[in-house]
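K.L.:
Spelled out from the first residue to the last, the chains are:
2 protein chains.
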Amino acid sequence: MNEVRVIPVQGIPEIKTDDNLAEITFEVLKKNKVTIEKNDIFVVTQKIVSKSEGMERDLSKFNLEELLQSESKKIIRKRGDLVIAKTNHGFICANAGIDKSNVRKNTALLLPEDPNKSANKFQKRFESLANVPIAVIISDTFGRAWRKGQVNFAIGSSGINPIDSYIGKFDSFDNELNATEIAVIDELASAAELVMKKTIDIPIAIIRGVDYENSKLTANELIRDDNEDFFL
Amino acid sequence: MNEVRVIPVQGIPEIKTDDNLAEITFEVLKKNKVTIEKNDIFVVTQKIVSKSEGMERDLSKFNLEELLQSESKKIIRKRGDLVIAKTNHGFICANAGIDKSNVRKNTALLLPEDPNKSANKFQKRFESLANVPIAVIISDTFGRAWRKGQVNFAIGSSGINPIDSYIGKFDSFDNELNATEIAVIDELASAAELVMKKTIDIPIAIIRGVDYENSKLTANELIRDDNEDFFL
Numbered sequence: 000m001n002e003v004r005v006i007p008v009q010g011i012p013e014i015k016t017d018d019n020l021a022e023i024t025f026e027v028l029k030k031n032k033v034t035i036e037k038n039d040i041f042v043v044t045q046k047i048v049s050k051s052e053g054m055e056r057d058l059s060k061f062n063l064e065e066l067l068q069s070e071s072k073k074i075i076r077k078r079g080d081l082v083i084a085k086t087n088h089g090f091i092c093a094n095a096g097i098d099k100s101n102v103r104k105n106t107a108l109l110l111p112e113d114p115n116k117s118a119n120k121f122q123k124r125f126e127s128l129a130n131v132p133i134a135v136i137i138s139d140t141f142g143r144a145w146r147k148g149q150v151n152f153a154i155g156s157s158g159i160n161p162i163d164s165y166i167g168k169f170d171s172f173d174n175e176l177n178a179t180e181i182a183v184i185d186e187l188a189s190a191a192e193l194v195m196k197k198t199i200d201i202p203i204a205i206i207r208g209v210d211y212e213n214s215k216l217t218a219n220e221l222i223r224d225d226n227e228d229f230f231l
Numbered sequence: 000m001n002e003v004r005v006i007p008v009q010g011i012p013e014i015k016t017d018d019n020l021a022e023i024t025f026e027v028l029k030k031n032k033v034t035i036e037k038n039d040i041f042v043v044t045q046k047i048v049s050k051s052e053g054m055e056r057d058l059s060k061f062n063l064e065e066l067l068q069s070e071s072k073k074i075i076r077k078r079g080d081l082v083i084a085k086t087n088h089g090f091i092c093a094n095a096g097i098d099k100s101n102v103r104k105n106t107a108l109l110l111p112e113d114p115n116k117s118a119n120k121f122q123k124r125f126e127s128l129a130n131v132p133i134a135v136i137i138s139d140t141f142g143r144a145w146r147k148g149q150v151n152f153a154i155g156s157s158g159i160n161p162i163d164s165y166i167g168k169f170d171s172f173d174n175e176l177n178a179t180e181i182a183v184i185d186e187l188a189s190a191a192e193l194v195m196k197k198t199i200d201i202p203i204a205i206i207r208g209v210d211y212e213n214s215k216l217t218a219n220e221l222i223r224d225d226n227e228d229f230f231l
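From first to last, the protein sequence lines stand for chains A and B.
Going by numbering that gives the first Met the number 0, the first residue of the first sequence is number 0, and it counts up by one from there.
Going by numbering that gives the first Met the number 0, the first residue of the second sequence is number 0, and it counts up by one from there.
Next comes chain A alone, as it looks inside the complex (with noise of 0.2 Å):
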């Protein structure tokens, strides 16, 4: 195993409406002479996809509870202010994933549309200028049940296998490894918020030396259905 490197992109503009991330994103490593390597993946946070795609919502047009209602396949749980929401994409989070920091006051962000499709368009663009195949993933900060504080998740991915499974394969006993499938696009949302800090501005974060698998799979695959989970 060789040692892995999680850098900060370092200088990305405030992000409009139809600004395009991947071109954004190569111009800037350019410009900081950030070489960029075969299979570096790209983790880029939800917030400035979701700019770049008109998802911001001036709260004095639109009602909060209505978009959280139009952005929810189904209420979870409801406390006071805490509403715990399945996403229309499946994910299941505080508020359906509507933030409002890190945004212009008196505006809500939505989570992309189709983060997968998201991921995709960003890796295709972005490959055509740098000339080397990347994956990229796009994570949010979400809570969890049991736990405590709030972790990166990967919400949408493109050119890597969203888990690394050891099913069939054998440990160092000859034990078979009948039940291990690692969530790895949601470690790598994770080691990529160790370099992302709420309060400053780097909204990318370039991971290199994971040895990944290219798949056409796509951050969907860490979706439960619900008749599978026990705690919905």
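It is possible that part of the hints are untrue.
Mimicking SDA-like on lysine to any residue, the simulated pairs with C-alpha atoms at most 20 Å apart in a straight line are [to be verified]:
1. A:K147 with B:K77
2. B:K77 with A:A144
3. A:K123 with A:I222
4. A:K168 with B:N101
In short, the hints are calculated from the structure, not lab data.
Given chain A, put chain B in place with the hints provided.
P.N.:
Just chain B now, with coordinates in the frame of chain A:
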């Protein structure tokens, strides 16, 4: 922000009861000429901690069902062979953390009795050898509600504030961040897993370049009280 490095520790031998993990790690790093830096974070997999603390159980002498009961405060869900239990520490995970992979055949491995104490012991001994301050996280691979696949989480820690709180801080749009508390030790555990593959023997990773707060708080901070949890 600087980049963060996740460095695998190669060459840790098979661990036996009463082995001193801090001393063994220090010797291995010296032999491999890996430098140790101030504020390095050592992520140590639960498996070698449990082995060093004599937590292996011979299944010809112990009954797995009885072990599961004695390791659990409460059985949360059960379906066929799959049991989700709350461990005596308060973690909610499959089979109360009892593991049958990466151990000798017909053997089960229990979680350390007090992973924070294990982390603290490693930290103190290592610091006395290396003469620099470090932090230590004990990690284990857990499944999650709602999301498929497992990720590494922190079950013990020493010398690092487990939560990176933004409450009372402001983002670049001057919005107060009133709900953001990052479970940074869980993200560090996940980052470490990227260099700890299940079928090869890398039970320790060093994470370098993360700016963290020294603290007497432990991984217990991440355990949510039953009466605050929506999903119990």
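K.L.:
Which hints, by number, does the structure contradict?
P.N.:
Of the numbered hints, 1 and 3 do not hold.
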